[in-house]
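*Asks:* Please work from the sequences and hints to get the whole structure.
Line by line, the protein sequences give chains A and B.
With our numbering, the residue at position 79 of the first sequence is 79, and numbering never jumps.
With our numbering, the residue at position 177 of the second sequence is 177, and numbering never jumps.
Source of the hints: derived by calculation from the structure; they are not laboratory data.
For glycine and all other residues, C-beta sits at the position ideal for the given N, C-alpha and C.
You may find that some hints are simply not true.
Unchecked claim - Restricting the straight-line Cα-Cα distance to at most 30 Å, the calculated cross-link-like pairs of lysine-lysine (BS3-like) are: (1) B:Lys4 to A:Lys41; (2) B:Lys160 to B:Lys189; (3) A:Lys79 to A:Lys15; (4) A:Lys98 to B:Lys4.
Claimed, not checked - To be clear about the criterion: a stretch of chain A counts as covered by chain B if any three or more of its residues have a C-beta under 8 Å from a C-beta of chain B, and this derived list gives those stretches: (5) 3-12; (6) 22-28; (7) 47-55; (8) 62-76; (9) 80-88; (10) 183-190.
2 protein chains.
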Amino acid sequence: MATKTLEILIDEFNKLPGIGRKNATRLAFHMLSLKTEEVEKFSEALKNAKENIKQCDLCGNYSENVLCDICADESRNNKLICIVEGSRDIISFEKTGKFNGKYHVLLGKIAPLNGITPEKLNIKSLLGRITNDDIEEIILGLSPDFDGEITTAYLVKLLKPFGIKITKLASGIPIGGNIEFADVATITKALDSRNEV
Amino acid sequence: MATKTLEILIDEFNKLPGIGRKNATRLAFHMLSLKTEEVEKFSEALKNAKENIKQCDLCGNYSENVLCDICADESRNNKLICIVEGSRDIISFEKTGKFNGKYHVLLGKIAPLNGITPEKLNIKSLLGRITNDDIEEIILGLSPDFDGEITTAYLVKLLKPFGIKITKLASGIPIGGNIEFADVATITKALDSRNEV
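*Replies:* This is the structure:
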């Protein structure tokens, strides 16, 4: 028996990824419990983000300027490109503080079953960067899931002819992970890629 | 390396209950992936809900009119009041389709440690309803947790002098629940309240 306006708000929350009906209801009620200014702040943050955040002309990362902060940062290594699926992955890589190169955001993964073909991804501009710049290494930083592996295989085939060093993230048991609970594919991979110590 | 506007949006999502930093980031990025109209729809739904939804003058439930749909519904039993903590609980009760009375929303539970005393709850108007109307039964529909039990005990003491029948929701093993995983308090309660079959 939610009111109509409340139903609409619940519906909007329900559209968000990973937010079910129950959770959406909880969030909508939470919003009603806030001060008007707080709700307006949230509402403004949404609109501002959508209005001001565009894609970096060079790498496809989210940016408020023509070039994103990373592409504009001259202290970073221009000859090293890490290819990622989305801007969110960049945040994960940056957190490590161990990568000083640039990125290239594909804006998705190849998923033929969902109609996402290579043409729909941000690959053309990647080829432009490779031809123009003096790239030394390309790191394929895609998740080792089904679509990620397809995309990685496609990119390897596409990029090999350029004669640039191409590397791929290591797979294995996650740090702090438990072998008992690791899946067969991960253990197999960890065995295959075992290192001498 | 999220942009500043994006950081603000992530912060806003992060303020929501049960939404951690990672999830907030995911939701903010999802918003950026939507069409501008869709973001505006969300943003409007928030503001509209906050602007138009007030509290029912009689029971305290969320309402867009002076009286909520339930209080305004003359086909419902006026002599039966179910006391609940919040409007969300009303949705849960209504889903059962088994309750045809009215509600009274306390707008919280007594929690002395958090400074929530009976005076801060919607109790005064409850007493008004009891005095004015010809109530036959009051159902205490609060969650059987610590604060809920305190509130129930308080209300029992407060309402007893009116000579109205007061009932309380049954506690026990949830339907479909597993005795193996039920906690001691619940099993004890289920044993104490066992029924002859």
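*Asks:* Each hint needs a verdict: does it hold in this structure or not?
*Replies:* Here's how the hints hold up against the structure:
For a cut-off of 30 Å, the pair hint linking Lys4 (chain B) to Lys41 (chain A) stands: about 15 Å separates their Cα positions. Our distance criterion of 30 Å between C-alpha atoms is met by Lys160 (chain B) and Lys189 (chain B), whose separation comes to about 23 Å. For the proposed pair Lys79 (chain A) and Lys15 (chain A), the alpha carbon gap of about 41 Å is over 30 Å, so the pair is violated. A threshold of 30 Å between alpha carbons decides the hint, and for Lys98 (chain A) with Lys4 (chain B) the separation of about 22 Å falls inside it, so the pair holds.
Only when three residues or more bring their CB closer than 8 Å to a CB of chain B does the claim for the stretch 3-12 of chain A stand; here the count is 8, and the claim holds. With 5 residues carrying a beta carbon less than 8 Å from a beta carbon of chain B, the stretch 22-28 of chain A meets the three-residue requirement, and the given coverage holds. Only when three residues or more bring their CB closer than 8 Å to a CB of chain B does the claim for the stretch 47-55 of chain A stand; here the count is 7, and the claim holds. Residues of the stretch 62-76 of chain A with a Cβ under 8 Å from some Cβ of chain B number 6, which satisfies the need for three, so the listed coverage holds.
Residue count for the stretch 80-88 of chain A with a Cβ under 8 Å from a Cβ of chain B: 3. That meets the three needed, and the coverage hint holds. With 0 residues having a beta carbon nearer than 8 Å to a beta carbon of chain B, the stretch 183-190 of chain A misses the requirement of three or more and the stated coverage is violated.
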